[in-house]
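**Student:** Go by the hints and put chain H onto chain P.
These protein sequence lines are chains P and H, in that order. Take 1 as the starting number for the first sequence in my numbering and just add one per residue. Take 1 as the starting number for the second sequence in my numbering and just add one per residue.
A hint or two may mislead.
[Stated by the list, open to error] Computed Cβ-Cβ distance ranges for the label pairs, DEER-style:
{"hint": "1", "chain 1": "H", "residue 1": "151", "chain 2": "P", "residue 2": "242", "range": "26 to 34 Å"}
{"hint": "2", "chain 1": "H", "residue 1": "151", "chain 2": "P", "residue 2": "27", "range": "48 to 56 Å"}
{"hint": "3", "chain 1": "H", "residue 1": "81", "chain 2": "P", "residue 2": "193", "range": "41 to 49 Å"}
{"hint": "4", "chain 1": "H", "residue 1": "50", "chain 2": "P", "residue 2": "29", "range": "46 to 54 Å"}
{"hint": "5", "chain 1": "P", "residue 1": "302", "chain 2": "H", "residue 2": "120", "range": "15 to 23 Å"}
{"hint": "6", "chain 1": "H", "residue 1": "120", "chain 2": "P", "residue 2": "148", "range": "50 to 58 Å"}
{"hint": "7", "chain 1": "P", "residue 1": "50", "chain 2": "H", "residue 2": "6", "range": "37 to 45 Å"}
No wet-lab data here; the hints were simulated from the structure. Ideal placement from N, C-alpha and C gives every residue a C-beta, glycine not left out.
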Amino acid sequence: MSPDSTPTLRPNYDVLAIREDFPILAREVFGKPLVYLDTGASAQKPRQVIRAMTQVMEETYSNVHRGVHFLSQACTDQFEAARETVARFIGAREADEVVWTRGATEAINLVAAAWGRANVGPGDRIVISTLEHHSNIVPWQLLRDGTGAELAVIPVDDAGEVDLDAYAALLADGRAKLVSVTHVSNSIGTVLPIAEMARMAHEKGALFMVDGCQAAPHMAVDVQALDVDFYCFSGHKTYGPTGIGALWGRKELLDAMPPYQGGGEMIAHVTFEKSTFKAAPHKFEAGTPAIVEAVGLGAALDYIEAIGRDAILAHETEVAEYARERLAAVPGVSVIGHARERGAIVSFTMDQAHPHDIGTIVDRAGVAVRAGHHCAFPVMERFDVGATARASFGLYNMKSEVDRLVEALDEVAEIFGR
Amino acid sequence: MNELRELYQEVILDHGRNPRNFRRIEDADGEARGDNPLCGDRVHVYVKLDGAGGLGDVAFQGRGCAITTASASIMTELLKGRGEAEARRLFDLFHAVCTDEAFDPLDVPEEFEEELDRLLVMAGVRQFPMRVKCATLPWHTFAAALDGKATATTE
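Isolated chain P (complex conformation) (with noise of 0.2 Å):
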């Protein structure tokens, strides 16, 4: 008899009625029911956040900050609610600190470019980790060959933690300038101490940025108590839509930043001599933004904190923990990645067959886990290993689903041998 396959050993944590939000887990795939354990990759979408952005479509749509009539506020009015939902769901003391993008990625390289190119220089450093997506890596490439300054990367050790002190040896001499980190590992899940590198970056003069992909959706993130200097995530990631994110910035940073890009929306003034812009965050957005995401996201994060932060990440942990267990005792598994504090990803190789067999076997299952790189090259040369294959958890997944992933893997060892 396997452990617990119920789907929960909390009481107040109700799953099934979770997932009763979520349509798409109603359905099968190859005549199996779904077992989706790619939400690190992108979430799915409970239905208040499919309602929400119905509503504004059907009843309240049209563009924002523009017309005199009446649609044009209660639009506008939805929107920027939204963007003081975002502000709450992170801790930001207010709503003009955060800046609507299409997601990380571009928060990042609205950073790189905007803060970046007025305030990095030759022989500045920019301070980056081993463990981050490439998203966190290339902007910074960009902008190290556009300035002449230099990109050093934090190791990490066999567990797949930070070097704290190879970290502190890159801010010694003071010349870095700004340290953009992961909050946690998409590729293996390490969660990084950021508090504390906040803390180590500031002493020595240097900005902090977070990537906060993979926590926002999964557990609390208060930026004023990490202390941070900028924080992003991507909707898609947090139940939400495609196509928006969020960057929250200090005030004082998006006040002094030049603007990102040139438009509509982000204008007070133009003539063919010279314009002037309109204050952060609407100077770093310029032309129509995605409004029916931006309040997409805003019902996601309502829909997040109507179950709890706490709640889900003490759910997640408990999946994820399973699932290391049962994987760790495959014949021919190897777990990636053990670090003491870590989110709800598992990284995984098998001896017999490659990530990709694995994903596509898994697969005539109903299970969906991502095979490959997962945007790290870094973190698998690391781990000496071109791919691994990766379940990661959202706050509808059930034990009962690690099940059926070992299971699954069952019919692998049956092909490739075990």
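**Tutor:** Below, chain H without anything else, positioned relative to chain P:
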């Protein structure tokens, strides 16, 4: 036979585990690296000409899934000793086997009748659209090596 068993036939598993011609050709006349950006798989294909318009030796190295590895391995066996033009026609045929739903083994030109069985081993990928690129990457890389390009990609 179910689709998974058809994909992972014994021949493929064997070539995946024990790839043939898995080596570097030091004095290659052409070589190219092929990347599948979707998954990070990578193959390096080496071609040595025989001086008479033919392929004296074809070998590969790299890291990839069973499908990529087996496809590369079978490819090297199929290509060795062929003329360049013939090799390209074989690539076209292989591509049809992997992607063309209407592919009919009876339409195969006479010159490749003997090769057909080894090409058909890969036909299982047709039921797995996400995996077609795994099968075709080594061939695209071979074509790039022949054309003197340094890299190939499945994109």
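**Student:** Hint numbers the structure violates, sorted upward?
**Tutor:** 2, 3 and 5
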